[in-house]
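Residue-level listing of the chains:
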Amino acid sequence: MINWIAANKANLIIGIILLGIVAAIVVNLVKKLRRGGSTCAYCADADCCAHKEGRAETSN
Amino acid sequence: MGNLRQVEVGSTVKVVKINGEGALKRRIMDMGITKGCEIFVRKSAPLGDPLEVQVRGYELSVRKADAELIEVE
Amino acid sequence: MITAALAGNPNSGKTTLFNALTGANQRVGNWPGVTVDKKEGWVKKDRSLRIIDLPGIYSLSPYTLEEVISRDFLLDEKPDVVINLVDASNIERNLYLTTQILDMGIPTVIALNMMDVVRKAGDRIDTKKLSQSLGCPVVEISALKGEGLEDLLREAAAAAGQKKAPFERRFSAPVEQALEKIGALIAGAVPEERRRWYSIKFFEQDAKAAEKTGLAPEALGAIDKIIKEGEKALDDASASIITGESYDYITGITSACIKKSRKGLSASDKIDRVVTNKWLALPIFAAVMIFVYYISVTTIGAIVTDFTNDTLFGSWIMEPLAGWFEEIGTAGWLASLIVDGIIGGVGAVLGFVPQMLVLFLMLSLLEDVGYMARVAFIMDRIFRRFGLSGKTFIPLLISSGCGVPGVMASRTIESERDRRLTVMTTCFVPCGAKTPIVAMIAGAVFGGVWWVAPSAYFVGLGAVIISGLILKKTRPFAGKAAPFVMELPSYHVPAMGNVLRSMGERGWSFIKRAGTIILMASIVVWFFSSFGFVPAEDGGGTSFAMVEEMDESMLAVAGTKVAVIFRPLGFGFWQATVASIMGLVAKEEVVGVFGVLFGVEGDALGLVEDGDFGALSPIAAPFTMLTAYSFLVFNLLCAPCFAAMGAIRREMNSGKWTAFAISYMCVLAYAAALMFYQFGILIAGAGFSLGSVVAIAVLALIIWLLVKPAWTEKKAAAPLAAEAAR
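Chains as they are written, first to last, in our numbering: chain A, 8 to 67; chain B, 22 to 94; chain C, 1060 to 1785.
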């Protein structure tokens, strides 16, 4: 067992880091989904809402 | 007498009355087209519609169908 | 804590002023009950002053959503002061809103913007006299240059403290008499300082205001009589009387305070003589869009992207990382996951960020300068045929950035039919996330030819127009076109600060999205494309293991089965199928998938570097120019990403309509790509086949849908004709 850990320590470290990143992302997405409704979770714009108001000033 | 649609491009006319109802009429008036004001018909859009007019110092785009509601002289 | 409301016409520089005053201390929320944004912020230097940015409005009449929101805010939330931004180069129309605000009796400060434009034109405004006539402070400012802001804030704070006397304008005698009578009748039902305002509203027959007071029917009847008398006396409808006299009042003031100098063409008019010229306008529009896409995707963009893909990700990151992994003895699959999967996918997408940024920069410059209003003016006739008006043009504009806010922007369209139509077609416009797909195809397959990128834009635009024309003739959408009265604002130098700031914001969120959603999707794609059921070494049965050839992986096997649908379109191989499907997660993921599947072949260290496009040129291998373009067309037009679908669901408020919208997009995308490919090979010399026959049938169907008479066209035309004859 300990041999296995020693032999694979590179894998383990990298794997844990990777899992950590993925977990953080998932948690973040879920938080956003719960808070603002689904659009601002995916949206490419952090200002996805703010832009509408700015544009509405142009015409009409 | 006639309506704004019939006015020749390049001429200046005076508004006599605005027909129509509710939101459209209100909109036209809110934008400054009121009884007695002057309108200069600058041009019509490349595809024929809408019209570009100058009123109270600024440029306004008005569709010909809506321009029919504005009586001028 | 002083609360100030910022009110003014659209195009008066309100956003610039708001940004200048609040800087980064802004917050975007929702006006309760509607999806129009409420921007509020705190003044940079003085955090006790809160500013609410009201939507740009021309008046406070209760017809459009923005007007109702603003009016309700002023009435119910009772801000301490109103900062009314007035565009001095357009002063009469701007003052109209001012009179309505002043009528409400709220302390007001006028911020007179764009005085530099006025001075350059040679006109002069006597601000002291103006202030006297209106009874409130007038502060000259330049929102763009940030001048006069301190004075403005000082005056605002001072005004906020006062309990201001109601605005002293007088209407004509018959109106004043009527107002007095009405005022007596409503005295108990409304707050004293608002009585005059309510009297005016009642006289105008403003239903919404009347509702607020809950007056008894007898009183209402008496008021009606008073109104009728007034109308008879002045021979006009009551609301028109008020509006007309308001403008007369304004003209009275401005003629005393303003000296106009020349009566020639303004600079904007001179420019418009060319830009909206009968013959030049459309070619100029085409040329501008071609130029924009050419510069952003094919030249500047491509250079930066090449660098990012080849050098940054290729040499600087992937190679050393792969080497390091080998050194520390990382398992092959883990190294592959990280290098091929994650970095391959995310890197491919990030590589296109520069192009997206440049494109976005140019589009928002065009808009800031005022050109897009001209486009709406020129194209209105076409758009009118399917109910598009000034208001429905905005979502299309916004969608060229991202479809989600574009769809949400249609919330302010009052007509439900027009709103549905807009929601359905707005996603055809190529959004920022689709740009990487365009750039990838343009670069890898077409070697950076100039016309590919602009053509993508016109394909999207064409889809919008054709869809509109077809759908407007069908029953659910038919009807009179919405009225269209739109201001053509003067051209002005763009506010670079604003533009660059929002470009930066968008770029940052794009990168964030790459690091999260794209990263996850890339892992999934990597997994399913690296593992499969391969025959065990001893020849009996299959086992689950890493595959040598991607074509044996689970993804390939499943993908090939589905890929059959795409054979008539020319790209019936599994990688393209998988990419298109992953496009549902996020459009740029199409590129991500290709990055994972083609980025590195087998050995992590062996990056393929031949071809102009460096690390991504393997993508070109399974495509021909024809099939690649067909692929592009399909992905440009088909169902949008999940986020956009969610937005559509919310706007349509009906599962049925949402399903219809999305199916429509997919069907159109399929038909378009089908026709393109089939006619393409036909022209290239291949003989007739079942595919060609189907393509011809589809084309015939579309032509028929375009030329058939509209459903109620005859009925709708009659009332218009009757009105015109009057």
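No wet-lab data here; the hints were simulated from the structure. Be aware that a few hints might be false.
Derived DSSO-like pairs (lysine-lysine); straight-line CA-CA distance at most 27 angstroms [what the hints assert, rightly or not]:
id, chain 1, residue 1, chain 2, residue 2
1, C, Lys1222, B, Lys64
2, C, Lys1097, A, Lys39
3, C, Lys1240, C, Lys1187
4, C, Lys1284, B, Lys56
5, C, Lys1271, C, Lys1222
6, B, Lys38, C, Lys1291
7, B, Lys35, B, Lys64
8, C, Lys1329, B, Lys35
9, C, Lys1137, C, Lys1267
Now the hints, each set against the structure:
{"no.": "1", "hint": "C:Lys1222 to B:Lys64", "in the structure": "48 angstroms, violated"}
{"no.": "2", "hint": "C:Lys1097 to A:Lys39", "in the structure": "20 angstroms, holds"}
{"no.": "3", "hint": "C:Lys1240 to C:Lys1187", "in the structure": "35 angstroms, violated"}
{"no.": "4", "hint": "C:Lys1284 to B:Lys56", "in the structure": "24 angstroms, holds"}
{"no.": "5", "hint": "C:Lys1271 to C:Lys1222", "in the structure": "23 angstroms, holds"}
{"no.": "6", "hint": "B:Lys38 to C:Lys1291", "in the structure": "15 angstroms, holds"}
{"no.": "7", "hint": "B:Lys35 to B:Lys64", "in the structure": "17 angstroms, holds"}
{"no.": "8", "hint": "C:Lys1329 to B:Lys35", "in the structure": "24 angstroms, holds"}
{"no.": "9", "hint": "C:Lys1137 to C:Lys1267", "in the structure": "18 angstroms, holds"}
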